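Trainee: Here is what each chain is made of, one letter per residue.
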Amino acid sequence: MTMMKMTAAQVARKVIDNQPLFILDVRNHDAYEDWKIEGHNFEYLNIPYFELLDGVDNVLSKLPIDQDVLVVCAKEGSSIMVAEMIAEAGRNVFYLEGGMKSWSSYLEPIKVGDLRGGGELYQFVRLGKGCLSYMIISEGEAAIIDAVRFTDVFRNFAIEKNVDIKHVFDTHLHADHISGGRLIAEATGATYYLPQKDAEEVVFDYTAIEDALTVKIGAAQINVSALYSPGHTIGSTSFIIDGKYLLSGDILFIDSIGRPDLAGLAEDWVGDLRETLNIRYRELTEELIVLPSHFMNIDELNADGTIAKRLGHLFAENHGLNIESEEAFRHTVTDNLPPQPNAYQQIRQVNMGKISPNFDEQTEMEIGPNRCAVR
Amino acid sequence: MNSTKVLDVKGMSCPMPIVRTKKEMDTLSSGDILEVHATDQGALADMPAWANAAGHTIIKQKEDAEVLTFFIQKG
Chain Z
5 MTMMKMTAAQ
15 VARKVIDNQP
25 LFILDVRNHD
35 AYEDWKIEGH
45 NFEYLNIPYF
55 ELLDGVDNVL
65 SKLPIDQDVL
75 VVCAKEGSSI
85 MVAEMIAEAG
95 RNVFYLEGGM
105 KSWSSYLEPI
115 KVGDLRGGGE
125 LYQFVRLGKG
135 CLSYMIISEG
145 EAAIIDAVRF
155 TDVFRNFAIE
165 KNVDIKHVFD
175 THLHADHISG
185 GRLIAEATGA
195 TYYLPQKDAE
205 EVVFDYTAIE
215 DALTVKIGAA
225 QINVSALYSP
235 GHTIGSTSFI
245 IDGKYLLSGD
255 ILFIDSIGRP
265 DLAGLAEDWV
275 GDLRETLNIR
285 YRELTEELIV
295 LPSHFMNIDE
305 LNADGTIAKR
315 LGHLFAENHG
325 LNIESEEAFR
335 HTVTDNLPPQ
345 PNAYQQIRQV
355 NMGKISPNFD
365 EQTEMEIGPN
375 RCAVR
Chain H
-1 MNSTKVLDVK
9 GMSCPMPIVR
19 TKKEMDTLSS
29 GDILEVHATD
39 QGALADMPAW
49 ANAAGHTIIK
59 QKEDAEVLTF
69 FIQKG
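The listed protein sequences derive, respectively, from chains Z and H. Using this note's numbering, you'd call the opening residue of the first sequence number 5 and step up by one each time. Using this note's numbering, you'd call the opening residue of the second sequence number -1 and step up by one each time.
Heads up, some of the hints might be wrong.
To be verified - Straight-line alpha carbon distances no greater than 30 Å define the calculated BS3-like cross-link-like pairs of lysine-lysine that follow:
{"#": "1", "chain 1": "H", "residue 1": "Lys60", "chain 2": "Z", "residue 2": "Lys105"}
{"#": "2", "chain 1": "H", "residue 1": "Lys8", "chain 2": "H", "residue 2": "Lys60"}
{"#": "3", "chain 1": "H", "residue 1": "Lys21", "chain 2": "Z", "residue 2": "Lys9"}
{"#": "4", "chain 1": "Z", "residue 1": "Lys66", "chain 2": "Z", "residue 2": "Lys40"}
{"#": "5", "chain 1": "H", "residue 1": "Lys8", "chain 2": "Z", "residue 2": "Lys40"}
{"#": "6", "chain 1": "H", "residue 1": "Lys60", "chain 2": "Z", "residue 2": "Lys358"}
{"#": "7", "chain 1": "H", "residue 1": "Lys8", "chain 2": "H", "residue 2": "Lys58"}
{"#": "8", "chain 1": "H", "residue 1": "Lys60", "chain 2": "Z", "residue 2": "Lys9"}
{"#": "9", "chain 1": "Z", "residue 1": "Lys170", "chain 2": "Z", "residue 2": "Lys201"}
{"#": "10", "chain 1": "Z", "residue 1": "Lys358", "chain 2": "Z", "residue 2": "Lys105"}
{"#": "11", "chain 1": "H", "residue 1": "Lys3", "chain 2": "Z", "residue 2": "Lys40"}
{"#": "12", "chain 1": "Z", "residue 1": "Lys66", "chain 2": "H", "residue 2": "Lys21"}
{"#": "13", "chain 1": "H", "residue 1": "Lys3", "chain 2": "Z", "residue 2": "Lys105"}
{"#": "14", "chain 1": "Z", "residue 1": "Lys105", "chain 2": "H", "residue 2": "Lys21"}
{"#": "15", "chain 1": "H", "residue 1": "Lys60", "chain 2": "H", "residue 2": "Lys3"}
{"#": "16", "chain 1": "H", "residue 1": "Lys8", "chain 2": "Z", "residue 2": "Lys9"}
{"#": "17", "chain 1": "Z", "residue 1": "Lys66", "chain 2": "H", "residue 2": "Lys60"}
{"#": "18", "chain 1": "Z", "residue 1": "Lys201", "chain 2": "Z", "residue 2": "Lys18"}
{"#": "19", "chain 1": "H", "residue 1": "Lys21", "chain 2": "H", "residue 2": "Lys72"}
{"#": "20", "chain 1": "H", "residue 1": "Lys8", "chain 2": "H", "residue 2": "Lys72"}
{"#": "21", "chain 1": "Z", "residue 1": "Lys105", "chain 2": "H", "residue 2": "Lys8"}
{"#": "22", "chain 1": "Z", "residue 1": "Lys79", "chain 2": "Z", "residue 2": "Lys9"}
{"#": "23", "chain 1": "H", "residue 1": "Lys3", "chain 2": "Z", "residue 2": "Lys115"}
{"#": "24", "chain 1": "Z", "residue 1": "Lys165", "chain 2": "Z", "residue 2": "Lys201"}
{"#": "25", "chain 1": "H", "residue 1": "Lys8", "chain 2": "Z", "residue 2": "Lys170"}
What the hints assert, rightly or not - Over the 10 Å line for every Cβ pair with chain H, so calculated as not near, a few chain Z residues:
{"#": "26", "residue": "Asn32"}
{"#": "27", "residue": "Lys40"}
{"#": "28", "residue": "Met85"}
{"#": "29", "residue": "Gly247"}
{"#": "30", "residue": "Glu330"}
{"#": "31", "residue": "Glu368"}
In short, the hints are calculated from the structure, not lab data. Keep in mind it's a predicted model, so treat the numbers as computed, not measured. Beta carbons: idealized from backbone N, C-alpha and C, even for Gly.
The shape of chain Z in the complex, shown without the other chains (with noise of 0.2 Å):
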């Protein structure tokens, strides 16, 4: 029978759209059980492929008949050999195009809403890495926020939509990923801002975000309003879009709040993180819709594949907005802290401009999950 690609693309509307996948993941355990392709209705077998160097026999009567078989690997040679046996041996197989590699960088891009007086909002959901960026277009004209690395897809989403990139921002310092928004900035002309507080050892030009900066995108003057939400970073910025909208960068997420301890002050960052979840953002109105930079499981995708909540609501279900004594936040942003996103020290070091790694390396940099929130 044959073997097929499937492209992280495919892989992805099988994940919004709860289709049944089985997914035969290669690589060895240890890397397996960090990260993997995630998806409500998506079953699991991991075997790594030096277990299959004599033959796949034993792992046949495990796969599925009715049912598309998925074989993943970390680039893609491993997962084809395994595939090509497979499809040897009479099934119907899939592997992953580019493997988890490609899967790592595949962003869908899904319109959350129109905006008030003409435009649109757009959410750029990164499932493999959890990562989500947005861009904001109105009249000819647009703007992105947390923009991840991959400069090509918003620029070409721009060029789809006939509009110009105006404004690049960066809601803080990124840890977990790299940053496209230098990039971008660079080669459209657009103006790049990152927080002042974020960026004192940053090495090129930039705009500093200053509390209540208000930028207005296109003809129809939509706002695009900074809130200054220090705790995950110290000078983490919240955005306010066309008064409806809460870009809550990496400060607040569906289920879970940012940790305080990436730019290694954590202690110093709780009070910050209390005061802007039970202060600055109890003043907004429970009517905006929450936005965050990451997700963390994809129980917290909508069924059109958007990540995004009223903030009344997670005033009344998130656990990091509902802890009562200071104390026992404390104890929950500063013990028992996930591990640290994969190279993350490296990464800020990119982010600030001060190294330059290739391709392929700022890829090795962000395996794994984003690991930004505590819970």
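Based on the hints, put chain H in the right spot on chain Z.
Mentor: Frame of chain Z, contents of chain H only:
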């Protein structure tokens, strides 16, 4: 260290380093030591995991100018 044999898989990408190592190992006798030179960073995790699963022992490994060297004793 006295290697029984040296295998060069530099420049090869996954799965070839392990495929070639296994093939070579099959020609050796128990107790022999195979020295493998690889550049695929995936080998860093996969070579020990494979050796462990196959009953071999990595008695030494080092990293030098992007070349990974493994000394694997056949089980």
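Trainee: Is it correct that the beta-carbon of Lys40/Z has no partner in chain H closer than or equal to 10 Å?
Mentor: holds (15 Å)
Trainee: Measure nothing beyond the straight line between the CA atoms of Lys8/H and Lys9/Z; if it is 30 Å or shorter, mark the hint as holding.
Mentor: holds (28 Å)
Trainee: Confirm or reject the statement that Glu330/Z sits farther than 10 Å, beta carbon to beta carbon, from all of chain H.
Mentor: At about 42 Å from chain H, Glu330/Z clears the 10 Å cut-off, so the statement holds.
Trainee: Holds or violated: Lys21/H and Lys72/H, Cα atoms, limit 30 Å.
Mentor: Roughly 12 Å separates the two Cα atoms, so the pair holds.
Trainee: Taken at face value, is the distance from the CA of Lys201/Z to the CA of Lys170/Z at most 30 Å?
Mentor: holds (23 Å)
Trainee: Can the restraint linking Lys8/H and Lys40/Z be considered satisfied, given a maximum Cα separation of 30 Å?
Mentor: holds (28 Å)
Trainee: So if I understand the rule, the pair passes when the alpha-carbon distance is 30 Å or less; does Lys201/Z with Lys18/Z pass?
Mentor: Judged against 30 Å, a Cα distance of about 41 Å means the pair is violated.
Trainee: Can the restraint linking Lys60/H and Lys3/H be considered satisfied, given a maximum Cα separation of 30 Å?
Mentor: Cα-Cα ~17 Å, so holds.
Trainee: Does Lys40/Z lie within 30 Å of Lys66/Z when you go C-alpha to C-alpha?
Mentor: holds (19 Å)
Trainee: Quickly compare the C-alpha distance for Lys3/H and Lys40/Z to 30 Å and report which way the hint goes.
Mentor: violated (37 Å)
Trainee: Please settle this one: Gly247/Z was flagged as non-interface, so is its CB more than 10 Å from every CB on chain H?
Mentor: holds (48 Å)
Trainee: Verify the proposed pairing of Lys8/H with Lys60/H, using a straight-line Cα cut of 30 Å.
Mentor: holds (14 Å)
When each numbered hint is compared with the structure, violations occur for hints 8, 11, 13, 17, 18, 23, 24, 25, 26, 28, 31.
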